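Chains V and F, in that order, give the protein sequences. UniProt numbering applies: residue 1 is where the first sequence begins, and numbers increase by one. UniProt numbering applies: residue 1 is where the second sequence begins, and numbers increase by one.
Check the hints yourself; a few may be wrong.
Identical copies look the same in the list; a pair holds intra-copy or inter-copy alike.
Unchecked claim - Subject to a maximum C-alpha distance of 30 Å in a straight line, what follows is the list of computed DSS-like cross-link-like pairs (lysine-lysine):
{"id": "1", "residue 1": "Lys467", "residue 2": "Lys311"}
{"id": "2", "residue 1": "Lys452", "residue 2": "Lys467"}
{"id": "3", "residue 1": "Lys281", "residue 2": "Lys456"}
{"id": "4", "residue 1": "Lys281", "residue 2": "Lys452"}
{"id": "5", "residue 1": "Lys328", "residue 2": "Lys390"}
{"id": "6", "residue 1": "Lys135", "residue 2": "Lys5"}
{"id": "7", "residue 1": "Lys281", "residue 2": "Lys467"}
{"id": "8", "residue 1": "Lys311", "residue 2": "Lys281"}
{"id": "9", "residue 1": "Lys192", "residue 2": "Lys5"}
{"id": "10", "residue 1": "Lys467", "residue 2": "Lys456"}
{"id": "11", "residue 1": "Lys139", "residue 2": "Lys192"}
{"id": "12", "residue 1": "Lys135", "residue 2": "Lys192"}
{"id": "13", "residue 1": "Lys360", "residue 2": "Lys394"}
{"id": "14", "residue 1": "Lys66", "residue 2": "Lys281"}
These are computed hints drawn from the structure, not numbers from a lab. Only a predicted model underlies this, so the values are computations on that prediction, with no experimental measurement involved.
For reference, the chains in residue letters:
2 protein chains.
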Amino acid sequence: MTKRKIGVTELVLRDAHQSLMATRMAMEDMVGACEDIDQAGYWSVECWGGATFDACIRFLNEDPWKRLRTFRELLPNSRLQMLLRGQNLLGYRHYEDMVVEKFVEKSAENGMDVYRVFDALNDPRNMARAMAAVKAVGKHAQGTICYTVSPVHTVDGYIKLAGQLIDMGAESLALKDMAALLQPQPAYDIVKGIKDTYGDIQINVHCHSTTGVTLVSLMKAIEAGADVVDTAISSMSLGPGHNPTESLVAMLEGTGYETGLDMERLLRIRDHFAEVRPKYKEFESATLVDTDIFSSQIPGGMLSNMESQLKAQGAGDRIREVMAEVPKVKADAGHPPLVTPSSQIVGTQAVFNVLMGRYKVMTGEFADLMLGYYGECLGERNPEVVELAKAQAKKEPIEVRPADLLKPEWDGLVTTASTLDGYDGSEEDVLTNAMFPGVAPKFFAARAEGPKSVAKTPAQLAAEQAKAAGNQTGITGPVQYNVTIAGRSHSVAVEPA
Amino acid sequence: MTKRKIGVTELVLRDAHQSLMATRMAMEDMVGACEDIDQAGYWSVECWGGATFDACIRFLNEDPWKRLRTFRELLPNSRLQMLLRGQNLLGYRHYEDMVVEKFVEKSAENGMDVYRVFDALNDPRNMARAMAAVKAVGKHAQGTICYTVSPVHTVDGYIKLAGQLIDMGAESLALKDMAALLQPQPAYDIVKGIKDTYGDIQINVHCHSTTGVTLVSLMKAIEAGADVVDTAISSMSLGPGHNPTESLVAMLEGTGYETGLDMERLLRIRDHFAEVRPKYKEFESATLVDTDIFSSQIPGGMLSNMESQLKAQGAGDRIREVMAEVPKVKADAGHPPLVTPSSQIVGTQAVFNVLMGRYKVMTGEFADLMLGYYGECLGERNPEVVELAKAQAKKEPIEVRPADLLKPEWDGLVTTASTLDGYDGSEEDVLTNAMFPGVAPKFFAARAEGPKSVAKTPAQLAAEQAKAAGNQTGITGPVQYNVTIAGRSHSVAVEPA
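I would like the entire structure built from these sequences, with the hints used as guidance.
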């Protein structure tokens, strides 16, 4: 029997450590695994995105562009893959088209191959320019469907969106399930529907493992025709992260599908990161499995954000009210998927509504969302709330693509960057400062000091273990010390009170 | 569409804490969840077995029979389920038939409903008497297939074994995957094969989650016709334990199957055990997912046993040799599944072979295994090694059912028990001492002192957390003390060296 080959995208260098250890992994902890990753037979290696870029300059004093070049050098046989937030690039606002083109050009020059282009609202207009730019430099443009669950999101709607992405020239499609909400049956139905409607377009499926159910969703997606699935090596898997790569391989054994991955390489990659993971333990979340999101629709990260906002206001006990408010706010906004930045915008407004009365005070971002400045959602926006937004923000709603309102800004960005201490004159630096203007200046100034890992050293880990072991044993009898004070020596016994 | 109802067996009261925290959970930590468990709509509640019985008397000073009666009282609407090691009962040797009957009678009287009867070698003769005894008292006899992977274990072989169990009067069948080896395709093939061959006999599927793949196996088993699957509430799930109950519910949403479980009850059960779990943290294994067993065929518990045996001999560096020896020893013994007690017997012999030369020294247990004293395996035993066993053990091989060689022993067991301090005169006590003669006398003598939990108290946990927080801050500068010695006061500065 000829088995159908299922491609695998390895996430350990990007989304796995982003989800499990707050994106803190330093390049020095990845280098040692690269040869095995490069030879294991993956379809692609995800290694770059907004949070890794941000963490590089914010916490690790590492140049993210240099990190990309190092990956290119160490992974010569691999497709390097990144996550690109459409017209937002890696930042939190819309950029004018020339900036989008510059970013794609420079990242391609530095080694990127596959661009997974997405938009938080699933608005194809926000993805179009980035997709076109990727195609213009001859790289792989992957159009993305962000999966969510709402009264207006249907299998047919996702199939229609797939068609729009294909019309925009997508070389492949990604079904992206950032909240582990994608259950087996819809996974099957969406993939099958796309294949039946549009023929053999490549479909990649990306699921988190938070709810404990999505390896089954990958199985059903594969049965429905999915071509590539995303996993993370087992020692960097599960919890808010992803399904384990080795488990996927085992899952398909004996079926009509196979990954072709080299298991010996996988085990070496696993062992490498099993050594690395404890060094970042302080950044790990304790969540192992959480199915609450199926009823609350609230991703874990969004929930903890809202909790800290409430606590800051001395209203930590009102989280249940806020959780009940979120679906209302989400519906008023036209049912956006809850992913950066829409999750923060909806969550903060829900907190404001509970604390100050519904829409008594609107954040600027929520008003923008209601007025179309982030793009279009699938659902209709509540017209009454749109009126309130107009009044509070003193702005008119727009129907055009948000970036159409932007003036050319590249030259200004170059000028701004050139005033900064440590700016190296490159277009890469201009882009870094454009996307992270609050962080980049400090990074440029300190860059010459070189990377600074936030991981524990082996010595620190050993000391902690020894201390823990000591704590367990405990001190039961008196301990003698010789203490010399004012030239006289005394024997002192110390014991637990 | 009418959905097919899938029953669920909740494992949290037995196998979940056995697998995750060395069976240490005290009854007091279970009581609070019982009402929700009883009302959630499970097919059965597994709550008793060899390791929980052993842990009760060895570590918790708790009477396991009393625990059973308490479950009966607190779970009036539930089928209580236990795991019974056939002719071994809950102990480590074969018992004469009357003891088997007494055990089944007394456990039924105390409240047991469903008996999952298994044998480590899958020898139906070792299960027959226990099954018959269960039927004689009008309870549910579930015949068990222990799943393993070997050159002689085939889908057809498992289907044949299912037929033997049905012929013995099994009211249902369990497919038991103690090592998380059951991949989706064989899960489907075995269940489908049994249903196609024997019609609508109830099939329960029990998988551990160690390899990260078995929730998919449960899905495929359900698609093939499985009726009941085993899971553990999410806060006591994953790792060497089991798939999360809530994830199973989510997995089936939208499909042609449903569990009918009450999600609000499940969330309360989850929250209860989320509070309990940290109290037993010191007993937890760090393993989250481990797919090594697919290549090594060695369950995790067996591996750590062999490692400690080697270390005790100052040969900790020879574990790779021992791992390579295990498949050879297993093959010589006729490919027994590796589960208690065969895993220990094969593992120890592999250690002996590496340290002293192959079969130069045989353990008494391994010789017995080679000579048929544990029953028959599916594969043929290596005749050369059988000859060595005869010579070393000075015993002849047997072909009869091992328990056929035993003389009536009940009266002797009563006499032995009646000599013990604290023996309460009950047949339950006779059985306790018969199964755990090395532990029961001490337990009887101390029983009046009542249960002793080994869990941390909330106060201890809080103190540890405070200490950990203190450790993180660390002492960076000198601390001043006033020390009075021999009537004179001194100011002393202490700082880290």
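Give me the numbers of the hints this structure contradicts, sorted from smallest to largest.
none
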